[in-house]
Amino acid sequence: MSDSEMRAYLLGQASEAEAARLEERLLEDEDVFLTLRSVEDDLFDQFARNTLSAAERERFVERYGKERGRLLVAHAFANRTPAARVLAHRRFERRLWLPLAAAAVLAAAIAGTLMRPARPTPPPAAVPAAAAGHDARQPAAPTAAPAILLLTLGNSRAPAAAPEVAIPADAPAVELRIRIDPADRFDTYGVELRNQSDTPVWTGAVRGPEVVDGQLLLKGTVPQNLLAAGTYEVSVRGLAPSRPEELLGFATVTIRR
Amino acid sequence: MSNDGVPLGGGRTRWALTPEAFERLLSALDPDRERAAAAYEQLRYRLVGLLRWWGAMQAEDLADDTLDRVAKKLVEGATIGSGSLGAYVRGVARMVYYESTREPLTPLTDQEPAAAVNTGEPEQASNCLDRCLASLTAGERSLLLKYYDGGKAADARRRLAEELGISMTALRIRAHRLRMTVERCVTACLKVQ
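Chains as they are written, first to last, in my numbering: chain A, 1 to 257; chain B, 1 to 193.
Incorrect hints may appear among the rest.
Said to hold, decoys possible - So these bits of chain A aren't anywhere near chain B, every CB distance computed over 12 Å: (1) D3; (2) E5; (3) A20; (4) D29; (5) L34; (6) S53; (7) G69; (8) H75; (9) A76; (10) R80; (11) P200; (12) V211; (13) L216; (14) L217; (15) I255.
Unchecked claim - Per label pair, the in silico range of CB-to-CB distance: (16) B:D61 / A:D31: 40 to 48 Å; (17) A:A55 / B:S82: 37 to 45 Å; (18) B:R33 / A:T254: 13 to 21 Å; (19) B:R33 / A:A228: 49 to 57 Å; (20) A:P172 / B:R184: 43 to 51 Å.
Honestly, the hints are just simulated from the structure, not real lab data.
The structure displayed is predicted, hence computed values, not measured ones.
All residues carry an ideal CB built from backbone N, CA and C; glycine is no exception.
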């Protein structure tokens, strides 16, 4: 049976014969039953997004108007989708920082210019007496510093907008510096990095943010061998013993090697 | 065969299912007893869903009553033709349902009131949804969000199915099962708040 036939059945618009046929099939076949339930889920979504016709809406309310839990979930899902909202959540309304698009531009502006602290000048090496005759001022090999990646969290997953950064081959690690909203203060923050297959490649528990140049930043260091070229999603959760865990946002970045 | 009935109220009694009748029903579902037991549970689940779509108030009781009657008929000698189980069970379910609508109305003690949305509820639901999504595995969360983030766009879902290497039907069913898990979680979360 087609989606439209199932939809008609759910809204009480199918003929007696069509209804009987569908009902016999769904009792025989689990897949048919679950597909019908899936079509029903879509009806809830369409109701929440206000895309049902007036007549369909009336029938929907008559049939499903008492299913408060499902209605609230449908509305919550609708409010998550890119078409309907980005900054609907109250804690994001309080943010004074850059909107997501501007943040993406900022992050893109530093793409390829991954910040590197200046390499420290090594002290002159002490040359053993036995090496007399060689240049006593030959310096020791400098230690490579981690690359620094500055990120701004958003609440929409948009891999298409992910900024690209190139990690120098000799960087032993990448230090993530994640801007945090001053309103999101927790004892500890859980930071997770996932690859394109949605596999976690690194997780860290980071104690309270540091203040750097007036910004609150979380810092975490990811060994470079964990970061193959590709797109990654960084997510941050606020953790506190007396409060439920809270998802604070995401950032997406594409790594080039 | 026992004809003892279990009173259901309103002058109706339900025939008590005997072990023999239950075994007959199971063997009609599948010759392998273990598979038959699973098939029984799945059939019962679908029957409850169907009765709810008909508007039955106590769908679980009516589903049990339906299956007990099917079992009774099998013991009495009825045969269900191959491929006719759905039609047979549906027929019995219709009868059980119509009988239930003729019963005196019972107080709606365990019925949800009409959906009156309180002022803070949508935001609470969003918070609960975030929390419940976080309790899924990464793969499950990703599937669910991609399935619904694209709206109902057929193309977006078809691409998702291709990406996962599964059929559209399998994708729909997976998304539905995950959504049910999330709905139960959100409902429980809202009750706590």
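Results of checking the hints against the structure:
With a closest Cβ-Cβ approach of about 9 Å to chain B, D3 (chain A) is found to fall inside the 12 Å limit, against its non-interface label. No Cβ of chain B approaches the Cβ of E5 (chain A) within 12 Å, the least distance being about 14 Å, so the stated non-interface status holds. Distance check on A20 (chain A): its Cβ comes as close as 7 Å (rounded) to a Cβ of chain B, failing to clear the 12 Å threshold; non-interface status is violated. Non-interface status of D29 (chain A) relative to chain B is broken: a Cβ of that chain comes within 12 Å, the nearest being about 8 Å off.
At the 12 Å boundary, the C-beta of L34 (chain A) falls inside the reach of chain B, the nearest C-beta of that chain being 4 Å off. Its beta-carbon lying about 15 Å from the closest one in chain B, S53 (chain A) satisfies the requirement of being farther than 12 Å from that chain. For G69 (chain A), the condition that its CB be more than 12 Å from all CB atoms of chain B is violated, with the nearest at approximately 4 Å. Interface exclusion of H75 (chain A) from chain B breaks down, the closest Cβ pair being 6 Å apart, not more than 12 Å.
At the 12 Å boundary, the C-beta of A76 (chain A) falls inside the reach of chain B, the nearest C-beta of that chain being 4 Å off. A Cβ of chain B approaches the Cβ of R80 (chain A) within 12 Å, the least distance being about 7 Å, so the stated non-interface status is violated. For P200 (chain A), the requirement that its beta carbon stay farther than 12 Å from each beta carbon of chain B is not met, with the minimum near 7 Å. The Cβ of V211 (chain A) sits about 27 Å from the closest Cβ of chain B, beyond the 12 Å cut-off, so the non-interface label holds.
For L216 (chain A), the shortest C-beta to C-beta distance to chain B comes to about 21 Å, beyond the 12 Å cut-off, and the non-interface label holds. With a minimum CB-CB distance of about 23 Å to chain B, L217 (chain A) clears the 12 Å threshold, and the non-interface call stands. Annotated as non-interface, I255 (chain A) keeps its C-beta farther than 12 Å from every C-beta of chain B; the closest such distance is 19 Å. Checked against the hint of 40 to 48 Å, the C-beta distance between D61 (chain B) and D31 (chain A) comes to roughly 27 Å, which is inconsistent with it.
Range check, A55 (chain A) to S82 (chain B): about 41 Å between beta-carbon atoms, so the 37 to 45 Å window is met. Our hint of 13 to 21 Å for R33 (chain B) and T254 (chain A) is violated, since their Cβ atoms are close to 55 Å apart. For the hinted restraint 49 to 57 Å between R33 (chain B) and A228 (chain A), the CB-CB distance of approximately 51 Å keeps it satisfied. In this structure the hint that P172 (chain A) and R184 (chain B) lie 43 to 51 Å apart at CB holds, the actual value being about 46 Å.
The structure shown violates the earlier hints numbered 1, 3, 4, 5, 7, 8, 9, 10, 11, 16 and 18.
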